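Enquirer: From just these sequences and the hints, can you work out the full model?
Per numbering that gives the first Met the number 0, the sequence shown starts with residue 0, numbered consecutively.
To be clear, the hints were calculated from the coordinates, so they are not data collected in a lab. Since this is a predicted model, take the numbers as computed values, not measurements. Fair warning: there could be bad hints in the mix.
[Unchecked claim] With a Cα cut of at most 25 Å, we get these calculated BS3-like pairs of lysine-lysine:
(1) Lys134 <-> Lys45
(2) Lys145 <-> Lys134
(3) Lys56 <-> Lys145
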Amino acid sequence: MKKRDSGFTLVELMVVVLLVGLVVLVSTQIPLFNLSFWTRATDRLKMQREAHYAMIKIQHELRPAASLNVDVFDPSRLIIDLNTEESFFLEGTQLLYQDPYQVQESVIEGDTGTQFNATRSGGTINITLTLVREKVGTITLETAVKPRNE
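Expert: If you want it as structure tokens, here you go:
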């Protein structure tokens, strides 16, 4: 009887299939990981831009205000003009702006844990905005604005 040395055994074929499967699995997971990382980074950047826009809007409305008309008695509500009740305030998880004509518009919206805080230190108004988004995280922006009209 002649012994055949050509060909592959069943064990060798199973090892090759296993190795090819691992290579395919790893090579498909790398792009998926990169995509999810890119998506999270993009969402965080969008959140930062929205929070920055909200702070710019607050500064834009507060800077020309008369210092005596600005009220921060309630830290979650910044009244820019006591006569017209122009203000920024947090309602639930949404920061709203009420213009001098009592029209409200949404400035930014977060998730549970979003905070808005305004305090006075001398003639300066200190503002802290903490924006929370469930899948993105938390960002806190702070600014100090001195109303220019006395």
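Enquirer: For each hint, tell me whether it holds in the structure or not.
Expert: Now the hints, each set against the structure:
1. Lys134 <-> Lys45: Given pair lysine 134, lysine 45 holds - Cα atoms ~13 Å apart, limit 25 Å.
2. Lys145 <-> Lys134: Roughly 35 Å between the alpha carbons, so the hint for lysine 145 and lysine 134 is violated.
3. Lys56 <-> Lys145: It holds: about 15 Å lies between the C-alpha atoms, which stays within 25 Å.
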